[in-house]
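J.: Residue numbers (the working numbering), protein chains in the order written: chain A, 4 to 389; chain B, 773 to 1092; chain C, 34 to 369.
The reader is advised that the hints may include incorrect statements.
[As the list claims (entries may be wrong)] Straight-line distance between alpha carbons at most 20 Å, and here's what the computed EDC-like set of lysine to aspartate or glutamate pairs gives:
#1 A:Lys279 with A:Asp302
#2 A:Lys227 with B:Glu797
#3 A:Lys275 with B:Glu797
#4 A:Lys255 with B:Asp927
#5 A:Lys255 with B:Glu790
#6 A:Lys255 with A:Glu380
#7 A:Lys298 with A:Glu349
#8 A:Lys202 with A:Glu191
#9 A:Lys279 with B:Asp927
#10 A:Lys174 with A:Glu143
#11 A:Lys104 with C:Asp255
#12 A:Lys255 with B:Glu797
#13 A:Lys227 with B:Glu790
Don't read these hints as lab results, they were simulated from the structure.
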Amino acid sequence: MRGCRSCLVLIALSLTLVLGFGASVFGAGETGPVRIGLQAPVTGQWAYEGEMARNCVEIIADEINGKGGVLGGRKIEIVVGDDQCSPKQSALVAQRMISDKVVAVIGTYGSSVTEPAATIYEREGLLNIAYGSTAVQLTEHGWKYFFRTCFRDDRQGAFFAEFVNETLKVKKVAILHDNTTFGKGLAEAARASLEEAKKAEIVFYDVVTPGERDFTPILTRMHKADPDVLYFTGYYPEAGLIIRQMRGLGSKAVFVGGNAAINDEFVEIAGKDIAKGALMTQEPMPTDLKYAESKAFLDEYIRRHGVPPSSPWPVYAADALKAIAAAIDETGSTDSAVLADYIRNEMEGLPGVTGPIGFDEIGDRAGAIYLAYEVTEDGKFQPYQP
Amino acid sequence: MPHGGLWPCRLRQSPHAESMALFIEQLVNGLTVGAVYALVALGYTMVYGVMRLINFAHGDFFMIGSYLGFTLVSSALVGGAIPLWAALILITALSMVGVAILGVVVERAAYRPLRRASRLTAVVSAIGVSIFLQNAVMLIWGPRYRAYPSWAVPDVSWQVGGIYINLMQILILAVSFGLMVSLYVFVQRTTVGAAIRATAIDHDTARLMGIDVDQIIRLIFLIGPALGAAAGVLLGLYYRQIHFTVGWTYGLKAFTAAIMGGIGNIPGAMVGGLLLGILEMLGAGYISSAWKDVFVFLILILLLMFRPTGILGERIAEKV
Amino acid sequence: MTEWDGRFSLSSKLRLPLSAVKSLPSKWGISVLIAIGIIFPYLASDYWIDVAVFWGIYVLLGLSLNIIVGEVGLFNMGHSAFFAIGSYTTAILSERFGLSLWLLLPLSGFAAGLAGYVLAKPIIHLRGDYLLIVTIGLNEIIRITLLNNPWGLTGGPNGIIVLDQFRLFGRAVQHPIDFYYLVWVFVAITVFVLVRLQRSRIGRCWNYVREDEIAAQAMGIDTRWAKLLAFTLGAAIAGATGTIFAAKLVVISPESFTFMESVILFTIVILGGMGSIPGVILGSAAMMVLPELLRNFARYRMLFFGLAMVLMMIFRPQGLWPSRRWTTILREGESE
């Protein structure tokens, strides 16, 4: 018995040591591939987001490698770190990226997961570009190495307010969010913008719990407030159920979703006849962009995986890689400080999948165009025409 | 939409009648969800009754039921030669069989080797099984949310005295009550049922009475997961949206229901499930959606403070 | 008839605490382990040091839960609630009043201990699985409360950012290596205290309550007091660990304190072997280090992890390093 136990401990320890050595020996040489990290939730509840992000990044990496790589012939190699969308795992992945000596990191998804990782990257001076973290606070820390290719919540919130006041011209607005960092951030931004404009009144503001499937009690209360429009800022699984259940209760309020709700599964869950006429606020989707890059990227994605990415975020991961690769090529360096400096000050109008890529001085993506989309009769999304 | 035009009728009712109708509507909603909790809770309570094991993987049986149903609905079975209602019955039955087989396999592989060990050991094994099943489903069906096709169940609802009721709610209530009553009769009135009850009281004595305890446990692991699978298919049809993480949410709720009613007690699981469903809906409807679960768990704690073994649980001194 | 020589009473249960002492590794073994522990950071990469830091944090949490589940036999599956209270106490007080983390460490422990006492008091009489679900309920109540941002205190889903660091000799504890030593020194202190406690009157009293509550009561032990003491102490250690966690993670948000987290802590105690301190250390390694070792399996890693949990239980049902006292009882109780 005793011997057996000691063996167990020894095995565990030596395994740890060996792996520790292994990881530390593995630094990238001057001629080997350029290693770029992708931090994403590959398992767990948000696994579908992580998987699509990896798919997107792989397409761009293959494209760059097909053209001869960066820095005169060095290939790009993607190192995937699974953070399961958990803050604790996120800190570990960040540390692993640093030990793996990657040149820069793409990621991650989810704002409260980004925070611990970005803190570590900042301390260690490693360039990181988030693709799905839209919380306003992230770029307010004055971080030097943090950027994001997605747009901040407050811009979308402001767009929604303008849309309500100028296009829909309605007076009574209900807002529902899902208590995730993203959903709440967007809801609060929308509320602030509406209150500032003082044209429409917010008659209902409440929260649903993500992962649940029966929202009739809260929708009954919302219906009693009799809004003209409901803005739901959460994700599509709940959005599909909410529109169906509110129609079941007889509510005729216009349903507007945020850019986490725009998704083919939204139509599937709601059903085509119910989803019809629902609106979404969203950056232009790849399919509606006039840029050649968007079209080519989307075709390639469909060729590889059969369907286009079902949510808006993963595509920003592709653009994050584009920005990193372009910075490496332009500066001829893999030093994060040089790269971050270039991205902040000089990168402008780099053709990306989601439009020209450029950043302002706090690291936010410059320029944001939002559109309202409408669900058509046959369950497709098209730009809204009043 | 058939109901859209009916809405103004209700606005003309007196405020009192309207709030009454609202209350009854919430109650019906609560009953529907509660019936499903009860079906899942039965699996917990039966396994617990016979093996003193909290089967943390049970919620995942429910989830896999949803997925099997989804695959079958999307397959060629529906829209072919047989009418929709027959296809739906067949699909539910097939999913129940599939999950029941899985239940027996899990019992054989992960729980039987631990029957002689401390009961907490089996709990950890069950947690491992749960993690395994969730990830297996994620790898097989993909990590995305899936949706039952909308034509599988027609969206029909009626208005009865100012209350909206839809077809799926009636179906869920009918099927779950049907299953629960048959289970109750089976356990209380048949010889095999008597054997189950005997095994629940004492394995060794049951064995002395000529009962094959292994066989009974296998039977429990057929029935429990099958009921869970039925609940999974029903809820899949009702909400349409399914995901591989849904097992934890519903498993926790159903376990709460089983404890509320007094774990190990079959009518207790039914009462607990219905009560939990109604509490949840009333909490969300009249208090706050964000604080709903706090409300539910507070009621649970208060209940157990005054009735330490649940509503129908017996007051026996348990030796841990 | 031989004359009774008094040795009779030393048989069976009374001798057990002595054998429990034997089940700890020898002095030689401990010194080797400590030596490995000290040189480890100089051999491993920062990433593995960080893994060891989180391992240490989970050892602390596991030890705190072991008092409740392992020593007294109370099924507590909501332990991350107390961990959360400690973390949030640190985060809120550090954010609002800029208190030093060294001061917040005992303060958070005290807050969580107090919460443990107050919350456990009305429910401590519940048995087995009823207590289990109530603690799960407490966990959910506290997590949802944190999420709903009462009085703007907790920052809702965003959580709170902890900008302060532990400061030692004028230097901030920030690097993985610094954290490594900080955490494992705390582990060493806690282990030392708990081993003393295990062998003390209180420890024996706890085990007595676990083995047979009615007999313990009959012998004049105030079982309610004994259970409450364990609960309070366990909660306090978890709360103090929360301060270290907050400093390490920088941001404290409700996502870190889910029901799943409590399940992991519970699993650590059972997997290691109930009531066994070395068991907790091995159990946390299994729950924290194993998923890291499985990283190369990418999407399959949690699948293998689940499988590994089942296999570990099947091949070592009494835990990876069972406490001697506990195994003896298990063997006696096998026919049950």
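J.: With reference to the structure, classify each hint as holding or not holding.
T.: For each hint, the structure was consulted:
no., hint, in the structure
1, A:Lys279 with A:Asp302, "violated, 26 Å"
2, A:Lys227 with B:Glu797, "holds, 14 Å"
3, A:Lys275 with B:Glu797, "violated, 26 Å"
4, A:Lys255 with B:Asp927, "holds, 17 Å"
5, A:Lys255 with B:Glu790, "holds, 19 Å"
6, A:Lys255 with A:Glu380, "holds, 17 Å"
7, A:Lys298 with A:Glu349, "violated, 26 Å"
8, A:Lys202 with A:Glu191, "holds, 17 Å"
9, A:Lys279 with B:Asp927, "holds, 15 Å"
10, A:Lys174 with A:Glu143, "violated, 33 Å"
11, A:Lys104 with C:Asp255, "violated, 58 Å"
12, A:Lys255 with B:Glu797, "holds, 19 Å"
13, A:Lys227 with B:Glu790, "holds, 11 Å"
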